[in-house]
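Chemist: What follows is each chain in one-letter form.
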Amino acid sequence: MANDSSALDQWLTWAFSPAISAIIVTLLISLSLPVLIHWYLYKKAVSTEVPSFVLVGPSGGGKTSLLTLFANGSTAETYTSQEPQAALCQLPSSTRSKEDKYRSEHDTSSRSQPKFHLVDNPGHGKLRHHATTSIMSRTSVRGLIFVVDSAGISSAAGLTEAAEYLHDILLWLQKRHTQGKTSKGPTSIPVLVAANKQDVFTSLPAGLVKTKLEEEIGRVRESKSKGFLDSGVGMEDDAGKDEEGDWLGEYASKGFRFAQMEEHGVDIQVLGGNVRGEGEEGGKVEEWWGWIGENL
Amino acid sequence: MLDGFEIITTSGIVLWRRHFTRLPASLINSLINDIIEERQKPAAAAPSAYTKDKHTLRYTTASDVGLIFVAVYQSLLHLSWVDNLLWAVKGLFIKRYGDQLKNPYATSLNTSTFDQAFDEVVRKLDTGSTQRRPSEPDSDNQVEFTPPSSSASATDDDPPPPPIPQFKKTQETTVDDTTSTDVTPVATPDTSRPSTPLNASHLLTGKGGPRQSRRARKAGNTQFATSAPASSGDEGPAKVTKKPGAKAKRRWDTDGSAIDADDDVVLDYSAADNGTGTQNGGFEEVNATEMGSRTGKGQFVLKDLDDEVDAILAEAKQKQQAAADTSGGDDAGLLGTATSKLTGLFRNVVGGKKLSKADLQQPMQQVRTLLLEKNIALEAADRLCAAVETDLLDQKTASFTSIDKTIRESMTKALTRILTPTSSTDLLREIANTTGGSKPRPYVISIVGVNGVGKSTNLSKIAYFLLQNKYRVLVVAADTFRSGAVEQLRVHVRNLTELSQRENVGSIELFEKGYGKDAAVVARDAVSYATNSAKGSGMLFDVVLIDTAGRRHNDARLMSSLTKFGQLANPDKIFMVGEALVGTDSVAQARNFAKEFVDTKGHLRNGGVGMDGFIISKCDTVGDMVGTLVSMVHATGIPVVFLGVGQHYGDLRGLNVDWAVRKLMK
Numbered sequence: 001m002a003n004d005s006s007a008l009d010q011w012l013t014w015a016f017s018p019a020i021s022a023i024i025v026t027l028l029i030s031l032s033l034p035v036l037i038h039w040y041l042y043k044k045a046v047s048t049e050v051p052s053f054v055l056v057g058p059s060g061g062g063k064t065s066l067l068t069l070f071a072n073g074s075t076a077e078t079y080t081s082q083e084p085q086a087a088l089c090q091l092p093s094s095t096r097s098k099e100d101k102y103r104s105e106h107d108t109s110s111r112s113q114p115k116f117h118l119v120d121n122p123g124h125g126k127l128r129h130h131a132t133t134s135i136m137s138r139t140s141v142r143g144l145i146f147v148v149d150s151a152g153i154s155s156a157a158g159l160t161e162a163a164e165y166l167h168d169i170l171l172w173l174q175k176r177h178t179q180g181k182t183s184k185g186p187t188s189i190p191v192l193v194a195a196n197k198q199d200v201f202t203s204l205p206a207g208l209v210k211t212k213l214e215e216e217i218g219r220v221r222e223s224k225s226k227g228f229l230d231s232g233v234g235m236e237d238d239a240g241k242d243e244e245g246d247w248l249g250e251y252a253s254k255g256f257r258f259a260q261m262e263e264h265g266v267d268i269q270v271l272g273g274n275v276r277g278e279g280e281e282g283g284k285v286e287e288w289w290g291w292i293g294e295n296l
Numbered sequence: 001m002l003d004g005f006e007i008i009t010t011s012g013i014v015l016w017r018r019h020f021t022r023l024p025a026s027l028i029n030s031l032i033n034d035i036i037e038e039r040q041k042p043a044a045a046a047p048s049a050y051t052k053d054k055h056t057l058r059y060t061t062a063s064d065v066g067l068i069f070v071a072v073y074q075s076l077l078h079l080s081w082v083d084n085l086l087w088a089v090k091g092l093f094i095k096r097y098g099d100q101l102k103n104p105y106a107t108s109l110n111t112s113t114f115d116q117a118f119d120e121v122v123r124k125l126d127t128g129s130t131q132r133r134p135s136e137p138d139s140d141n142q143v144e145f146t147p148p149s150s151s152a153s154a155t156d157d158d159p160p161p162p163p164i165p166q167f168k169k170t171q172e173t174t175v176d177d178t179t180s181t182d183v184t185p186v187a188t189p190d191t192s193r194p195s196t197p198l199n200a201s202h203l204l205t206g207k208g209g210p211r212q213s214r215r216a217r218k219a220g221n222t223q224f225a226t227s228a229p230a231s232s233g234d235e236g237p238a239k240v241t242k243k244p245g246a247k248a249k250r251r252w253d254t255d256g257s258a259i260d261a262d263d264d265v266v267l268d269y270s271a272a273d274n275g276t277g278t279q280n281g282g283f284e285e286v287n288a289t290e291m292g293s294r295t296g297k298g299q300f301v302l303k304d305l306d307d308e309v310d311a312i313l314a315e316a317k318q319k320q321q322a323a324a325d326t327s328g329g330d331d332a333g334l335l336g337t338a339t340s341k342l343t344g345l346f347r348n349v350v351g352g353k354k355l356s357k358a359d360l361q362q363p364m365q366q367v368r369t370l371l372l373e374k375n376i377a378l379e380a381a382d383r384l385c386a387a388v389e390t391d392l393l394d395q396k397t398a399s400f401t402s403i404d405k406t407i408r409e410s411m412t413k414a415l416t417r418i419l420t421p422t423s424s425t426d427l428l429r430e431i432a433n434t435t436g437g438s439k440p441r442p443y444v445i446s447i448v449g450v451n452g453v454g455k456s457t458n459l460s461k462i463a464y465f466l467l468q469n470k471y472r473v474l475v476v477a478a479d480t481f482r483s484g485a486v487e488q489l490r491v492h493v494r495n496l497t498e499l500s501q502r503e504n505v506g507s508i509e510l511f512e513k514g515y516g517k518d519a520a521v522v523a524r525d526a527v528s529y530a531t532n533s534a535k536g537s538g539m540l541f542d543v544v545l546i547d548t549a550g551r552r553h554n555d556a557r558l559m560s561s562l563t564k565f566g567q568l569a570n571p572d573k574i575f576m577v578g579e580a581l582v583g584t585d586s587v588a589q590a591r592n593f594a595k596e597f598v599d600t601k602g603h604l605r606n607g608g609v610g611m612d613g614f615i616i617s618k619c620d621t622v623g624d625m626v627g628t629l630v631s632m633v634h635a636t637g638i639p640v641v642f643l644g645v646g647q648h649y650g651d652l653r654g655l656n657v658d659w660a661v662r663k664l665m666k
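If you read the sequences in order, they're chains A and B. With the UniProt record's numbering, letter number 106 in the first sequence gets 106, and the count goes up by one each step, no holes. With the UniProt record's numbering, letter number 346 in the second sequence gets 346, and the count goes up by one each step, no holes.
These are computed hints drawn from the structure, not numbers from a lab. Small disclaimer: the values here were computed from a predicted structure and weren't measured. Note that beta-carbon positions come from the ideal geometry of N, C-alpha and C, so glycine has one too. Among these hints, one or two may not hold up.
So the derived list for chain B, only partly shown, Cβ under 10 Å to chain A, looks like this [unchecked claim]:
{"#": "1", "residue": "T21"}
{"#": "2", "residue": "A25"}
{"#": "3", "residue": "I32"}
{"#": "4", "residue": "E37"}
{"#": "5", "residue": "R417"}
{"#": "6", "residue": "D426"}
{"#": "7", "residue": "R429"}
{"#": "8", "residue": "L499"}
{"#": "9", "residue": "Y649"}
Keeping only pairs whose Cα atoms sit at most 30 Å apart, straight-line, the calculated DSS-like set for lysine-lysine is [unchecked claim]:
{"#": "10", "chain 1": "B", "residue 1": "K102", "chain 2": "A", "residue 2": "K43"}
{"#": "11", "chain 1": "B", "residue 1": "K41", "chain 2": "A", "residue 2": "K126"}
{"#": "12", "chain 1": "B", "residue 1": "K439", "chain 2": "B", "residue 2": "K413"}
{"#": "13", "chain 1": "B", "residue 1": "K439", "chain 2": "B", "residue 2": "K357"}
{"#": "14", "chain 1": "A", "residue 1": "K126", "chain 2": "B", "residue 2": "K618"}
{"#": "15", "chain 1": "B", "residue 1": "K618", "chain 2": "A", "residue 2": "K226"}
{"#": "16", "chain 1": "B", "residue 1": "K573", "chain 2": "A", "residue 2": "K212"}
{"#": "17", "chain 1": "B", "residue 1": "K573", "chain 2": "A", "residue 2": "K126"}
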C-alpha cells in the first residue's frame with residue numbers, strides 16, 4: 001500500500017514538474033484528443049447512415065411478407081404484427097439504383113449494390129402510432145411504401161379503411177412539410193402505394209386502385225372537414241391550427257388527386273405487384289424494386 | 001393430440017412451425033388481435049389459454065427476444081403436459097437461437113434442425129394424459145417402444161417392475177419432478193390410462209409443493225443435481241453406470257459458457273452463493289476425465305437434450321415459485337450492494353441497464369400514483385402498470401435514458417394503445433352510408449347514462465352538429481319517467497329550430513308520447529314514424545336521436561328495461577354519457593350499462609362489447625384529470641367518441657388521443 005502511494009507521488013510530481021518530457025506528453029494529449037473525439041463521433045454518425053424505407057398500410061395487406069421477401073429472397077408465413085421490425089436489404093443486381101443512372105451497360109467494374117433498411121410497422125388500428133415514430137426516429141427515410149390489399153379494396157369496408165389510413169399518413173406528411181421550421185424544410189418523402197395481391201382473382205389493377213383510393217380519400221377529406229373538431233382545439237391556447245391545415249391536398253379543390261400532393265413535396269406512385277408467388281417463390285415485385293432503386 | 005405448434009416473432013414472422021392437422025391462420029391472428037386489444041394478457045410468466053372455435057391455444061411470450069410460443073389443440077382434450085412443452089421449447093429455442101434473435105435486423109432463422117429437437121421434446125413430455133381415441137394408444141406406445149435407442153436413455157435405465165409403488169411414493173412426498181412420472185407410464189403402457197387423473201393432479205400439487213426444500217437438499221448432497229434434477233430422484237441405483245458419461249457428453253456437446261451460466265441461474269434461485277462454486281468445480285472435473293471417449297453416438301445427443309429439457313423445466317418451476325414467494329431480500333454482502341448500487345446509479349444515467357423487477361418497483365409506484373391522481377380508477381391503473389412492467393421487464397434501457405423516462409415512454413405507449421379506437425369513429429360517413437345507400441333508412445342513435453350526467457344536453461349538441469350538416473333530425477323523448485324531461489327536450493328543440501332556420505340548414509322535430517308510457521315502445525314508434533314506410537313517400541327524417549331516462553347502474557329493475565329497449569328500438573349507435581367528474585365509479589357504470597345490451601340470442605351488441613361509444617361530458621371542469629376516459633375504456637373496450645367541453649351547443653369534440661395522453665402524463 002505504502003509502495004503504491006509513493007509511486008503515485010512520484011508520478012504526480014513528475015506530471016507537474018517543468019520537465020521537458022512532461023510538457024511533451026501533455027502537448028501530445030491535448031493535441032490528439034480533439035482529433036480522436038472527432039474521428040470517433042464521425043465514425044459513429046457515418047456508420048448509422050443507412051437509408052431506410054418505411055412500410056405502412058392496413059392490417060392484412062402483406063407488409064411483413066414483403067419485408068421477408070425483400071430481406072431473405074423468400075416469403076415467410078406471417079401473422080398480425082405487434083411490433084415494428086427492421087431488416088437490412090440489398091438491391092438486387094437486376095435493378096439499377098439512381099447513382100448508377102449514368103453508368104454504362106457494359107461497365108464491368110464491380111459495382112456494389114446499395115443496402116438499405118426496410119422498416120415494417122404493425123397495421124392494426126391501435127398500433128399505428130408506431131409508423132410515425134419509425135419515420136421520426138430515422139434520419140434518412142427515403143420513401144414510404146403503403147402496402148394495400150388490392151383484392152380487399154373492392155369491398156367498401158376495406159376501401160374505407162385503406163383510404164382513411166392513407167389520408168392520415170398523407171396529411172401527416174403534408175403537415176410535416178408545411179410546418180417545417182427551417183426555410184429549407186424537411187426532405188420530401190415520396191410514397192409508393194403498392195397494390196399487393198395482384199395474383200388474386202378478385203383484385204383490382206393498379207390504375208383502378210389509384211382512382212378508387214383517390215375518390216375515397218376525397219370523401220374522407222370531406223367528412224373530416226365537416227366532422228367534430230378534435231379535443232384540445234379551443235380548449236388550450238394553440239390558436240395556430242386553422243382549417244386549411246387539416247385539409248389534405250389543394251385547399252377547397254373538388255376531388256382529391258394524388259398529383260395535388262406534389263406541391264407539398266410528396267410524390268405518389270401506384271404500382272401493382274404480388275408478394276406471394278407460386279409455391280415458395282417470390283411473386284412479381286420488380287416494379288417496386290425499381291421504385292426503391294430510383295429513390296435510393 | 002397436439003394440432004400444431006408455432007413460434008412467432010412479435011413482428012408477425014413465423015420462425016418455426018409444425019402442424020399436425022390443417023389449421024386456419026385466423027386462429028392465431030385472432031389470438032394476436034386479442035392480445036393487442038388487451039382482452040388477453042401477454043403471458044410472459046406462465047402460459048395462459050385462449051379458446052377459439054373448438055381449439056384451445058396455450059401460449060407464452062418471451063418479451064426480451066420478442067417471441068410468442070403457441071400450442072394448438074382441440075378443446076375437448078385436456079393436455080396437461082402442454083405447459084411443460086411450452087416451457088421446454090421456449091427454453092430450448094432461446095438457448096439455441098437467442099444470439100441470433102438479439103440481432104435487431106434478423107428476419108429469418110435457419111430452424112431446420114429444430115424439428116428433431118421438437119419431436120424429442122414432445123415424445124419425452126407426452127405423458128399419455130391425452131384423451132385419445134381408443135385405437136391410438138397401442139400404436140403410439142409401440143412407436144415409443146420399438147426404437148429403444150432413440151427414446152431417452154432414462155427410459156432404458158428405468159427398471160420396469162416397480163413403477164407403481166414408486167409412483168405412489170412420489171405422490172405422497174409430492175417432491176418429484178414431472179419427468180420421472182412422465183417416464184413411468186411409458187414403460188408400463190397398461191397403467192398409463194388409469195394414471196391419467198393421478199398424473200394431472202400430481203402435476204398440480206407438484207407446482208406449489210415443498211420443492212424448495214428438495215432442491216436445497218439436493219444441492220447439498222449431490223453434484224449432479226442441476227444437470228439432471230428430474231431423474232436423479234427415483235432411479236438411484238440404475239443410473240450409476242451411465243450417468244457420468246452422459247453428463248460429460250452434455251457439457252461437451254453444447255460447449256461451455258451458455259450451459260454454465262444457466263446452471264448458475266438455476267442455483268441462484270435455489271441455494272446460497274457458495275453452492276455454485278462447488279457445483280461448478282464438480283462439473284469441470286467430470287468434464288475433463290470423460291469428455292473425449294464418448295463422442296460419436298446419437299444416443300447421447302438425445303440424452304443431452306433430455307437433460308437440457310429437464311433443466312429448463314426445473315428452472316421454470318423455480319422461477320414460478322420465486323415469483324410466488326415474492327422474492328425475499330437478496331443477502332449479498334455490504335460491499336456487494338454498495339457497488340451494485342453505484343453501478344446502478346451510473347447505468348441509470350448512461351443507460352444500457354437491464355431492468356429487473358426491483359429496479360422497476362419504485363418508479364412504477366410513482367407512475368401509478370400519477371395515474372391515480374389523474375382520476376384513473378385503481379383497477380385501470382394497475383392494469384396499465386402491469387402492461388408496462390411486462391413490456392419493460394428484462395429489457396435494456398436505451399443509451400442516456402433513465403429508468404423513469406423509459407417507464408414514462410412505455411406508459412405513454414400503453415395509454416395511446418388503450419385510447420385509440422380499433423376502427424374509425426366517423427359518424428357522418430356512417431350516416432351518409434345508411435341514409436343514402438341502396439336501402440335507405442333512418443340512422444338511429446340512442447343515448448343512455450346515469451342521472452344528471454348530461455344526456456339531454458349532449459343529445460342536443462349532437463342534434464346541432466347534425467343540423468349543421470343539413471340532416472333532418474327527429475328527437476325522441478323516451479324519458480317517460482322524470483317529470484319535466486319532455487319539456488326540457490322541447491325547449492332544446494325550439495332553440496335548435498330557431499337556430500337552424502336562421503342559418504337555413506337542416507330541420508328538427510320532437511317526437512313525444514307524454515309520460516308513463518313504455519320507453520321501448522315509444523322509441524319503436526318513433527323509428528317507424530321517421531321511416532314512413534306505410535305511406536311510401538320516402539323517409540321523413542334522416543337521423544333519429546333517442547333520449548332515455550337516467551338510471552342508477554346498480555338498480556337492476558331499471559337497468560333490465562334497457563335490454564328490451566335495445567331490442568325494440570334497435571339503434572345503430574348506442575352512446576353512453578359519462579361524467580369526467582365521476583372517478584372510480586366509472587368502471588362499474590360502464591360495465592353495468594354495457595352488459596344490458598344483448599340481442600335476442602343473448603349475445604352482446606356490437607361484436608360483444610354492448611355499446612358503440614362513450615361521450616365524456618363536463619371535461620372542461622376537470623382540467624388535467626381526464627382519467628375517466630381511460631377507466632371507462634379499460635372497463636369495456638368501448639372507445640370514447642365525443643367529449644363535452646362546455647355549455648354551448650357547439651361544445652362537443654372528437655377525441656384526440658395525443659391530447660388526452662399528454663394531459664394524463666403531465
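Chemist: Kindly indicate which numbered hints from before are broken by the structure, ordering the numbers from low to high.
Modeler: When the structure is compared with the hints, numbers 1, 8, 9, 12 and 13 turn out to be violated.
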